Each structure stands twice: as structure tokens, then as C-alpha cells.
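Asker: If you want the building blocks of each chain, they are given just below.
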Amino acid sequence: MKITNLKKGTTWNILNEYFSTIGGLSIFTMEFLKNFFKPPYDFGEIKKHMDELGVKTLPIVSITGFIIGFVLVLQSQPIMIRFGAESFLPSMVSLSVIRELGPVLTALIFAGRVSSGIGAELGSMRVTEQIDAMEVSAINPFRFLVVTRVIACTIILPILCVYVIFIAIIGGYIALILSQKMNFSYYTDSVLASLKFGDVIPSILKTYVFGFIVGIVGSYKGYTAENGTEGVGKASTTSVVLSSLLILLFDSVLGKLTLWLWPT
Amino acid sequence: MADLIVQIKNLSKAFTYKKVLDDVSLNVCMGENLVVFGRSGTGKSVLLKCIIGLLRPDAGEIYIDMQNVLRMSEKELNEIRKQIGFLFQSGALYDSMSVRENLSFPLIRNFKFSKKEVTDKVMHTLELVDLIEAVDKMPSELSGGMRKRIALARTIITEPKLMLYDEPTTGLDPLTTKEISELILDLQKKLNMTSIVVTHDLICASIIADRAIFLKDAKIMYQGTIEELTSSKDKFLQNFFSTDIIKA
Ligand SMILES: Nc1ncnc2c1ncn2[C@@H]1O[C@H](COP(=O)(O)OP(=O)(O)OP(=O)(O)O)[C@@H](O)[C@H]1O
Ligand SMILES: [Mg+2]
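If you read the protein sequences in the order shown, they are chains U and A. Under our numbering, the first residue of the first sequence carries the number 1, and numbering increases by one thereafter. Under our numbering, the first residue of the second sequence carries the number 1001, and numbering increases by one thereafter.
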């Protein structure tokens, strides 16, 4: 329960907001889990959201993926040459892209694009009473609107992430052949040779968590929006901030966990 | 005494220290059309939302069909809600769905109709509100009055036993107002529908009302037929219903 009559901008108000968000988000997540383990699932809606999410984010993540690989090679090539370690360039690209840059950057872009979208969409449905309208027609709006979106986000982000990793590795190759000769099969061989189980699987698994964060935070902010159109804008922006923060937080925690489980 | 469909006992509701409803009791009989008057901001919408369980009152009890709405599980509440229609003051059409999808949404989700039955019902209901041509439009393409009528169509399409209308005719021209009011009256006769209608509109009220109540200062101040209220000697009511403003 949030205390409502505090002055704006005071420390107490900020703390109050902070803790009520954590509490609210936890309860919201519990509600999700409760509904998640209760079939039937609305596959039609889930598929529709996945299509929309894919179409919405594919162009921007393609460009980002390419640039990640391209710039990474461009920037590190001189340094590697200085240390006489050029031959490690392909494996360096693949390791940094797969272990860290691919998942996190894709997730952050996904958060910016999707979390805000869900926040705004559900927020406007909340303030124009569309969610109430569903409730009074005996349709569970939480299941119809929230559960389907969160599932769609959780499924689609890992797929996007794998795609981004591929594009980034190709981007790296293109940057490489601008300055030196190397044929593609040699490049892919050295990319693959350096990879271990502990590099690939945990980082793909972690993107499921990121996808879930984006879906649940956007839904939470939108679903609980209040105060008319102003609230919709607020839901949209705060959901990007909160989901990005949580992604970075979970990235460090899960990164540490990975190193502990699969020491390199 | 006729069967009671809605019983409200000692209902109170406040928002941050402001009392909106204070110890309100009200009975509605099966098949009756009850009109709720009251100045803007006196808690008419809040009253309807309490009845359908969207808002939780601070005190009091609400019975629909002799069942206590406030003590129900989600499942029981949903069973009751399938028999109730609620027209929001704002319409609350689903923005992301076309008119056809808006209307068929409750039908497909809650009842087992075949595809053809759904289409037939959608077309038939649109005919009732005289908006067949809007069937494949999106809500953003409709005028305010059209939205109101589509929202009305969406609410009556499931043929509920109890209808709660929050200002069904606000924003409509006098002729459409008359048609919509007659539609409400028709539904009452054909389906023995019970209606609680919040309105400011005297044309609408005088067509449909069997009985009217007047909310003021968080209480039901007056109760009676439309004629009784409009011809009352009470200064406040005379002021509220006076048409002198137009003549002056
Ligand atoms: N969710 C809410 N939170 C806080 N206050 C509310 C809420 N809903 C309604 N109120 C307050 O309750 C009072 C009654 O509101 P309500 O919407 O029932 O008025 P109304 O009688 O329907 O008026 P109108 O004819 O303008 O629609 C208003 O003072 C409003 O500010
Ligand atoms: Mg109202």
C-alpha cells in the first residue's frame, strides 16, 4: 500500500515510491506465476504478440548487431596487432559478443522498444477503462493482456539474441577483411573453435530472464497506470528505466553465477 | 412484492476522506427500469461500479439475485457478471479491435456460439443501434456518438438480465436519444431486462423510467416517478429540472 499524501520530490517520497515499486512488482510477478501455471493458454494471442514484437524490433536489432561486431573488430584490431595477438581476433569477437555484448545490448534495445510500448498500450487501456470493461465482461484481463505479453517477450528475446550474435559475427568478419585477407571458413572455424558450453548456453538462458523482465515491467507499469494521459506517459518511460536497470542488475548476478558454475 | 434483483444495504464509499456514498440503501425489482439522477460528481458512476464489483465499498452489502457480491470468489463473480451488462460513461471500446471484434469479444470468450451465430448476432445488434455500416471500422474512426452506440451494442449483445447504463445518451442528438431510449425500453419488454440508468437527460428518463432516485450529498435525497420528481415543490429539484434556462 502506497502512502499517497507525501510532498513530491522529497526524500521520503522517493523512498516511498522506490519501495512501493519493488513491492508492487513482486506481487505482480507472483500473480503472473499463479496464472502461468494455470492452463489454458491463449496461443493465438501469444503468437500475435510475438509477430508484432519481431516485426517491431528486427530492423533495429539487425543494425545494432552488425555495428557491434564491426566496431568491436575495428577498435580492437590495432591493439591486438600491437600485442602480436591478431590471430585471436575472431575468438575475441565471438566470446565478447556471445558472453556479454549480444545478450545485454539486445535486451537493452528490446527494453527501450518493447517495454515502453507495452507500458503505453496497457496504460492507455487502463486509463480509458478498457481493462475494467474486460473485467466486467467476465474476461480475466490479467490473463488476456499480461500473461500473453510476458510469455511472448520471454520466448522472442532469446531468438532475437541468437540472431544478433550471428549478425555481429558477420559484421566482425566484414570489418576484418577491410584490412586483411582472411577467408570466411577460416574465420568461422576460429570463431567456433574457441567456444565452450559455458560460453554459449548460460548466456542464451540469461536472455530468457531479460525477456521476462521486459515483459513483466512493461505490463506492471501499464497495468497499474493512473492519472489519465499523464500516467500513460509516465508508465511508458518508467518502464524503460526500470527494465533496463533490472536487466543490468540481473546481468551481473547471472554473470557471476555463470563463472561460478562454469569456471573458465 | 416482485422479485428483487439488486439489493443494496447501507453502502458507503469514500475516496481520500471525501465521502461519495454515505449509507445508501436501494432495492431494484426484476424487470424494472430505475433512473439515477444527480449532479456531476455526486457518485452515480461510483454506485454502478460498486454494484458490479469494480470498486469495493468501505461498508455495506450488495446482493444480486440474493447472492452477496462482496463475498464471492472470482469464479462466482464472473458467473454473475456474465448476466450483467455495463455501459461505461466513456464507452471503453477496445482501441486495438475493430467494431466487429469489439462486439464478438465477449460472445467468443464467454459463450459457445458458432462462427455464424456470432456474425448474425453482431449484425443484428448493430442494426438495433443503426450502425451496420460501421462493422469493419476501428473505434478511432468513429464519431463520439457512434462510439457511444457501439459501446451500447457491445453491452447488450450478450442479452444480460441486468443492465447498468452510465449515461447512455450523453452526446447524442435528440432524435438518436429518443431512439436509444426506446431501444432500452424495448429490451426491457422483450427480454424482461432490468436496467439501472444513470442519466442527466430528461428525454431519456421520461421515456424509460419506472422509478427514479436522486443522489445528493452522498445520499438518496428523493425517490419517486419522473412526474413526482419533476413536479415536486422542492426548490432544489425545481431548479434541477427547470427548463427556464433555455427560455431565458
Ligand atoms: N477512482 C477514484 N479515485 C478517487 N476519487 C474518485 C474515483 N472515482 C471517483 N472519484 C470521486 O468520486 C466522486 C464521484 O464520482 P462519480 O464519477 O461517481 O461522479 P458522477 O456522479 O458519475 O458524475 P458525472 O455525472 O460527472 O459522471 C467525484 O468527486 C470523484 O472525484
Ligand atoms: Mg459518472
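The set of hints was computed from the structure by calculation and includes no laboratory data. For clarity, every value in this text was computed on a predicted model and none was experimentally measured. From the three backbone atoms N, C-alpha and C, an ideal C-beta is built for every residue, glycine too. Wrong hints could be hidden among the right ones.
What the hints assert, rightly or not - In silico DSS-like links for lysine-lysine, alpha-carbon gap of 30 Å or less: (1) Lys-1137(A) <-> Lys-56(U); (2) Lys-1137(A) <-> Lys-38(U); (3) Lys-1116(A) <-> Lys-1161(A).
Unchecked claim - Simulated restraints on C-beta separations: (4) Ser-1114(A) <-> Asp-199(U): 27 to 37 Å; (5) Asn-13(U) <-> Lys-1178(A): 31 to 41 Å; (6) Asn-35(U) <-> Met-1097(A): 32 to 42 Å; (7) Asp-51(U) <-> Glu-1141(A): 20 to 30 Å; (8) Arg-1056(A) <-> Lys-234(U): 20 to 30 Å.
As the list claims (entries may be wrong) - Which residues of chain U face chain A? A partial, calculated answer using Cβ under 8 Å: (9) Thr-128; (10) Glu-129; (11) Asp-132; (12) Ala-133; (13) Val-136; (14) Ser-137; (15) Pro-141; (16) Glu-226; (17) Thr-229; (18) Val-253.
Asker: Does the interface hint hold: is Ser-137(U) within less than 8 Å of chain A, judged Cβ to Cβ?
Answerer: Holds. Min distance 4 Å.
Asker: Is 31 to 41 Å a correct range for the gap between the Cβ atoms of Asn-13(U) and Lys-1178(A)?
Answerer: violated, 52 Å
Asker: Do the beta carbons of Asp-51(U) and Glu-1141(A) sit within 20 to 30 Å of each other?
Answerer: holds, 24 Å
Asker: Arg-1056(A) and Lys-234(U), beta-carbon distance inside 20 to 30 Å?
Answerer: holds, 25 Å
Asker: Next item in the hint list is Ala-133(U). Is there a CB on chain A closer than 8 Å to its CB?
Answerer: holds, 4 Å
Asker: Would the hint on Thr-229(U) be counted as holding, given a Cβ-Cβ threshold of 8 Å to chain A?
Answerer: violated, 13 Å
Asker: With a cut-off of 8 Å, does the beta carbon of Glu-226(U) approach a beta carbon of chain A closely enough for the hint to hold?
Answerer: Hint violated; Glu-226(U) Cβ to chain A Cβ min 12 Å, cut 8 Å.
Asker: Just tell me: holds or violated, for the beta carbon distance of Ser-1114(A) and Asp-199(U) against 27 to 37 Å?
Answerer: Between Ser-1114(A) and Asp-199(U), where Cβ atoms are some 54 Å apart, the hint is violated.
Asker: Could you tell me whether the CB distance from Asn-35(U) to Met-1097(A) stays inside 32 to 42 Å?
Answerer: Cβ of Asn-35(U) to Cβ of Met-1097(A): about 22 Å, so the range 32 to 42 Å is violated.
Asker: Could you check if Glu-129(U) really has its C-beta closer than 8 Å to a C-beta on chain A?
Answerer: holds, 4 Å
Asker: Would you check whether Pro-141(U) satisfies its interface hint, that is, whether its CB is within less than 8 Å of any CB in chain A?
Answerer: violated, 11 Å
Asker: Starting from Lys-1137(A), check that the Cα of Lys-38(U) is at most 30 Å away, please.
Answerer: violated, 35 Å
In summary, the structure is inconsistent with hints 2, 4, 5, 6, 15, 16, 17 and 18 from the numbered list given earlier, while agreeing with the others.
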